[in-house]
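**Student:** Sequence:
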Amino acid sequence: MKAAYLKDKHEAGLSYEAYVQTGNDSQRDGWQQVYEQAALTESQSDLVSRFVRKINVIALSGIWCGDCVQQGPLIQRIAEANPECIDLRWLDRDEHIDLQEKVQINQGHRVPVLIFCAEDYEPVSWYGDRTLNRYRALAAKQLGPSCPLPGAPIDGEELAATLQDWVDQFERVHLLLRLSGRLRQLHGD
Numbered sequence: 013m014k015a016a017y018l019k020d021k022h023e024a025g026l027s028y029e030a031y032v033q034t035g036n037d038s039q040r041d042g043w044q045q046v047y048e049q050a051a052l053t054e055s056q057s058d059l060v061s062r063f064v065r066k067i068n069v070i071a072l073s074g075i076w077c078g079d080c081v082q083q084g085p086l087i088q089r090i091a092e093a094n095p096e097c098i099d100l101r102w103l104d105r106d107e108h109i110d111l112q113e114k115v116q117i118n119q120g121h122r123v124p125v126l127i128f129c130a131e132d133y134e135p136v137s138w139y140g141d142r143t144l145n146r147y148r149a150l151a152a153k154q155l156g157p158s159c160p161l162p163g164a165p166i167d168g169e170e171l172a173a174t175l176q177d178w179v180d181q182f183e184r185v186h187l188l189l190r191l192s193g194r195l196r197q198l199h200g201d
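For what it's worth, our numbering labels the leading residue of the sequence shown as 13, then goes sequentially.
Note that these hints are calculated values from the structure, not bench results. Keep in mind the model is a prediction, meaning the values are calculated, not measured. A few of these clues could be false.
Restraint-style ranges between C-beta atoms, simulated for each label pair [claimed, not checked]:
#1 D41 x H199: 38 to 46 Å
#2 D167 x S55: 19 to 27 Å
#3 G193 x D37: 16 to 24 Å
27 Å max Cα-Cα, derived DSSO-like pairs, lysine-lysine [said to hold, decoys possible]:
#4 K114 x K66
#5 K66 x K19
#6 K14 x K66
#7 K14 x K153
#8 K114 x K19
Just so you know, even glycine gets a beta-carbon here, dropped at the ideal spot from N, CA and C.
Produce the complete structure using the sequences and hints provided.
**Tutor:** Here's what the structure looks like:
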């Protein structure tokens, strides 16, 4: 993907608040419940607050998507820990199918998918649709004797583990940018 294309997509993205408002009452309530439950630990917040390289992030999502409801607020909490360096924008997957086609996972249009870009929108990484801990939790529920009901409460340990997975992805991207010879030369560090 070209930097100019990603810049255009990022600029077309919505803030978290505006994105959540695109949903109906039930969808907004679901996102808000997880947002209120989610909180970075002191060490996670400290780590993210020390990022120095700008990361432009595009979140492809579906306001209706259960995985997005359970992970989107976590991603937002990470971005809020360092708004100077993390510029997170939200795009509806179905309205930006051209981008979704470029980041298919297992030939599927999965969400959420985050596209991480450098300060100049050069692509760095993309990641989604579920973190390892989210897959483990789903496997334990769905491959076992019963499946959870839609809208069932999210286990606090599962939420914390999934949040840590996302923090790890943001840290990985930041370190990649921090150690980039191109950016170190640009910033003289």
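**Student:** Between D167 and S55, is the Cβ distance one that fits in 19 to 27 Å?
**Tutor:** The hint (19 to 27 Å, Cβ to Cβ) holds, given that D167 and S55 are roughly 21 Å apart.
**Student:** Can the restraint linking K114 and K19 be considered satisfied, given a maximum Cα separation of 27 Å?
**Tutor:** 15 Å, holds
**Student:** Is it true that the CA of K66 sits at most 27 Å from the CA of K19?
**Tutor:** 14 Å, holds
**Student:** Is it true that the CA of K14 sits at most 27 Å from the CA of K153?
**Tutor:** 40 Å, violated
**Student:** With the threshold set at 27 Å, check whether the alpha-carbon distance from K114 to K66 stays at or below it.
**Tutor:** Since the Cα atoms of K114 and K66 sit roughly 23 Å apart, the hinted pair holds (cutoff 27 Å).
**Student:** Is it true that D41 and H199 lie within 38 to 46 Å of each other by Cβ?
**Tutor:** With Cβ atoms ~43 Å apart, the hint holds.
**Student:** Verify the CB-CB distance for G193 and D37 against the hinted window 16 to 24 Å.
**Tutor:** The hinted range 16 to 24 Å is violated for G193 and D37, with Cβ atoms some 50 Å apart.
**Student:** Straight-line Cα separation of K14 and K66 no greater than 27 Å?
**Tutor:** Cα-Cα ~18 Å, so holds.
In terms of the numbered hints stated before, the structure departs from hints 3, 7, listed from lowest to highest.
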